[in-house]
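Residue numbers (numbering that gives the first Met the number 0), protein chains in the order written: chain A, 0 to 723; chain B, 0 to 723.
Some hints here could point you the wrong way.
As the list makes no split between identical chains, a pair holds if one copy fits it or if it spans any two.
Said to hold, decoys possible - Below, computed lysine to aspartate or glutamate pairings styled on EDC-like, alpha-carbon distance capped at 20 Å: (1) 642 to 201; (2) 711 to 201; (3) 255 to 291; (4) 439 to 275; (5) 652 to 275; (6) 128 to 643; (7) 657 to 209; (8) 657 to 60.
Quick caveat, the hints were computed from the structure, so don't treat them as lab data.
Number of protein chains: 2
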Amino acid sequence: MINNKILVILFSVFISTSWGQIPQGYDLWMTYLKIENEGILTNYRNGLSSVYFEKGSRVLEAAQTELGRGLKSMLDQSPEISDNYVDAKVMLVAKRLNLDKTILKVMTSDINQIEEEGFIIETINHNGKEKVVITANDDVGILYGVFRFLQLIQAGKRLDDLKVLDAPKIDLRMLNHWDNLDRTVERGYAGFSLWNWQKLPEYIDQRYIDYARANASIGINGTVLTNVNANALVLTPMYLEKVAALANVFRAYGIKVYLTARFSAPMEIGGLATADPLDEEVQKWWKEKAVEIYKYIPDFGGFLVKANSEGQPGPQNYNRTHVDGANMLAKALQPFNGVVIWRAFVYSEHDATDRAKQAFAEFVPFDGKFMDNVLIQSKNGPIDFQPREPFHPMFGAMPNTPLMMEFQITQEYLGFSTHLVFLPKLYEEVLQSDTYTKGKGSTVAKVIDGSFYNNKLTGMAGVSNIGNDLNWTGHPFAQANWYGFGRLAWNPNLLADEIADEWLKLTYSTDPDFISLIKPMMLNSREAVVNYMNPLGLHHIFDTGHHYGPGPWVGNLSRPEWNPTYYHNADEGGIGFDRTPGGSNATAQYAKEISTLINNPKTCPEEYLLWFHHLPWDYQLKNGETLWNGLALHYQKGVEEVKDMCSTWESVKPYISKDQHEEVRMLLEIQLKEAKWWRDACLLYFQSFSKMKLPAGVEKPKHTLEYYQSLKFPFAPGIRPRWD
Amino acid sequence: MINNKILVILFSVFISTSWGQIPQGYDLWMTYLKIENEGILTNYRNGLSSVYFEKGSRVLEAAQTELGRGLKSMLDQSPEISDNYVDAKVMLVAKRLNLDKTILKVMTSDINQIEEEGFIIETINHNGKEKVVITANDDVGILYGVFRFLQLIQAGKRLDDLKVLDAPKIDLRMLNHWDNLDRTVERGYAGFSLWNWQKLPEYIDQRYIDYARANASIGINGTVLTNVNANALVLTPMYLEKVAALANVFRAYGIKVYLTARFSAPMEIGGLATADPLDEEVQKWWKEKAVEIYKYIPDFGGFLVKANSEGQPGPQNYNRTHVDGANMLAKALQPFNGVVIWRAFVYSEHDATDRAKQAFAEFVPFDGKFMDNVLIQSKNGPIDFQPREPFHPMFGAMPNTPLMMEFQITQEYLGFSTHLVFLPKLYEEVLQSDTYTKGKGSTVAKVIDGSFYNNKLTGMAGVSNIGNDLNWTGHPFAQANWYGFGRLAWNPNLLADEIADEWLKLTYSTDPDFISLIKPMMLNSREAVVNYMNPLGLHHIFDTGHHYGPGPWVGNLSRPEWNPTYYHNADEGGIGFDRTPGGSNATAQYAKEISTLINNPKTCPEEYLLWFHHLPWDYQLKNGETLWNGLALHYQKGVEEVKDMCSTWESVKPYISKDQHEEVRMLLEIQLKEAKWWRDACLLYFQSFSKMKLPAGVEKPKHTLEYYQSLKFPFAPGIRPRWD
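Using the sequences plus the hints, can you model the full thing?
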């Protein structure tokens, strides 16, 4: 349809010359590339030359500014601002309450169906004139409508075709920043924290505004500024004043600020002798702290808490429960409509139970005991953001508790910011997983969006991959993971395919030939990383601490469940973690329909085989290969898939600028080097147990096992804060 | 002359609208603003429509690319590339050797005077055609000539007026990055390190190239990538491979890479039992290390070494001398023409002598004992980069040793990156100081540029203020300090006034009205910071460790000379450090002409009064005020000067974009807040000794002394690395 291939090529030649350049990638998916198709451009210029825009709030002002920015850039024409929309030929942006009845009459969308934060975009015929209308019940709905409209324009959608009614399916659509007060970012691979505490509150970095724009453009409405491994100082007046300045910026984009609450804060900054949640002084301290916070930030969102997990303090330090801890904080925030998001990522070094079982065991008994303003936030799988995990069995198992999904957008176990991995494919797999807790069709998405158990509160969180790199996310394609997370938090039933399509059009090019080359590469990229890192259900075999590269041989860490050897259990008899009834019986945490299937290695999906089973090296896979051969061939396949990505990328040179191309080319080179490293290191190590030869087609390792074991990376990015 | 005020205003209106924006400041002084004066523009377009450019090296290629970029941006016209310069009307860029004799004949510049790295820019009349010629003896001279030419064009210099012959006066013009391998930057206030070790060597960040361009544009030809508080790992193959990738980028811009050499590296990464410089195994290890480094980086510059200083290892650990240490490394580098830059910033906690005297005492006796490829690098003053110090008495006192100047560009003691302080004013003060070591006129500049003692090697280093902030330096005006350092390293006799003029025209606007408002503000900014932080010769009264804000009360640090109380000596009897013969006798390290002057408080310049004298609170200053009143009035004056800066900045709104204006406005707000903080905290503290009232005109402190003493900043940026 949109034949702008030649125009894109011309454009790319223009910006790839050495005469002048600006840093690329900063604009994210809001570059607002000039519309190149002349017919469409004329249609837009004609239909969008004049705009009536409702005034009256900072959110509306932000929306109007964005509309102007986008149209100016895409159409090379700034719309006139009109104060009359009844008679004139204008684009019309106003809340439903302020729409003239004659407008409502000719709209074909069912305006009564606009939900909170939702919007309608529709081209109507009014008084004989075609008018684009964006309307909503609330200001933020207008903002979201404007962003969606700009995205449709960028994608080349014809004006006379416009009819969209949409609203978010989830209430809390949040980023979790694991950002420390010294600006290091735990598991951050895109530079350092955006929050320049030193210069706040006075200095408002342009990035804060652009960060808010980017989030609003995909519907994200909450952000936790600080690391779950928390520092109590952020709750002191010096920092609250700075947090308030950020909250003030974000407010204009419909985004609320949240903080992590260190459970021991009453002792560390309050001077109390205890942080026992049943202690009255402690309760009073948190209540007063809440009053203080809301004085600074009247729309403060609430607390995110990591308690009794990996050394963080919590109620169990005082023999109290998660319910005691969460409800104590919830009571303090309740008068202000704040929420407590309590993480379920817990496991104990004093508990010999399979780590995969512990969160379920600790939390499911508390179902229904948390206050109404508490959400329990669980990672997508029962271990820790691996390239592939089965869904967490808590989803579906706590009908009376709002469960919030925690995805990781930053690629801790997925190649940092040097590997191209399109994560919406992983998110989709989790969200579409069937829990069977109410029979077939009981997907995780339905648990999360609240439709399953009619939860009053719903939420989805993504651990941010954002840093102060010029392009925000380190890898330009990692922008797609931020984008995709936002889109899925808006609607958990969107497909990865649609998201890739949208993002590519907004970021690189609408050329269908370009998209037909790159979209399949994106969609397969997650399977590639599973193949070259953790095939067949292997997990947590990363090198220690920093999780950079392979470390399946690590077995000397103080806590058993921190060791890769705990997870793969390789010995001469075989490999894998037996979670069947004969083993840890973690499978019993799933619905019968699932456990029956996965308890039997012959019916267990092979992508989860070694997650649930310990099997001999010569175990026969479905394709007839031995387990050893299958493992080796998966590793090799992963490497081949990265090679394919490299050659696919070579083929799109004509469609993008030289700099855009070169940037990803260099990163793919690293990805290929590291895919080989994973393959060679893991196969050499596992071969020391299997004693079997590499099958035909698998390349010979470049170095010895000792070489790979000798590699040390003391300054790999993203390690835990050293003051912790 | 250049009447583009109205045009600038139009431009600023255009870019200050909310329709579209790109991050500002990234382009530094290489924005290449469109020439707005129509007459000049026509002159340029006409004279520069075609270019002949010599080919044959990456440096020439970089120069040609830059010329194209700059002309395209300023003239909105890309020059044609011509392969004939004899007959055609072209701009001509070629080395002298390749110039046609007919060209040489009509040039009026004395072409025999082109020195190494120097260039000629001249408009000639050749075969009846006016031609701009840039020529040089070497490729890098061409590169420097192109950058200078673009700067002249930006400033609106007429083509027919062009005649410049210039060359650097100093050999090594270097940045010292105090960047750690974890990307934190010691004393860095502009984000984190540019060097993304994780992604090197494959991934070449566009910033590396733009960093090199910026440096080349001001003649910087060397960069030390790593912190003087060094980590030996950078000398291992894993890192050398990455360093080589950076060196490869920088090579095209005439910039050599240097590394810091941790003296104990032979033990830490070499497995030796000692690092004794007289040990043969140690000598062999360094020789082999040098061979290895030069395999990776054939033009490696050499080592910068901080030894036996603030806990760093050095030859004295083995009862050897600085000469033993430096010469041992120099021998290893000599075969490759590498140099050793050995820092003179030493003082010992075991030495009760006045810290200001120790470097002189340790180094002057070694004059003439260092190998030819060793330079001794001394900070500008005898203490540590204070807002004002007298020049270091070593300058002029070591006739047989090349002394390299170390300035700090990053504002460790000068308000971090939130205070607008134009440092070339400080540099100029130091460089133009008269050492009198060869009679009147023996300036520090002459010591540094080698003209005084005919040194074979000369150098000037600046401790970088560069980080990964979008605008590189945190404060947009801090870019002027990077720029100004480079210009003074090129020619230490340039004036701060000229530098401010150049920088403003390249960065903001050539409008003479704008410049006449802002240049005086820049030129006075350094005196303002002296007034509100350290007036009348006070020094080192900063808060502990991070040096953020005032801490004159700190007296509990383990090393006496780390305590502010050591430096101000305030008690009821008075204030100041007695460095006269009756005190530490540090004045004896200066020439007789100086010491005579400064030993007497009545003839000692008042800006150094308390640096050299301990005086009673009622001591009468030259203006008749008591010392106490004078001190208080200086603090007040500093605050008033910042208020003036704020109102001056308000007045330039019409000349620059809204965003450019707002950015500095917010920073000045912080500066004013902190200037008051300095005044109030210091005066309250000193008042506890003087017991005297604040004189009329000095504002009453906002808080109590206890309040100021209670302030803590555990996450202030720029602290020393924690792995150190």
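Would you pick out the hints that fail for this structure and give their numbers low to high?
Failing hints, ascending: 4, 5 and 6.
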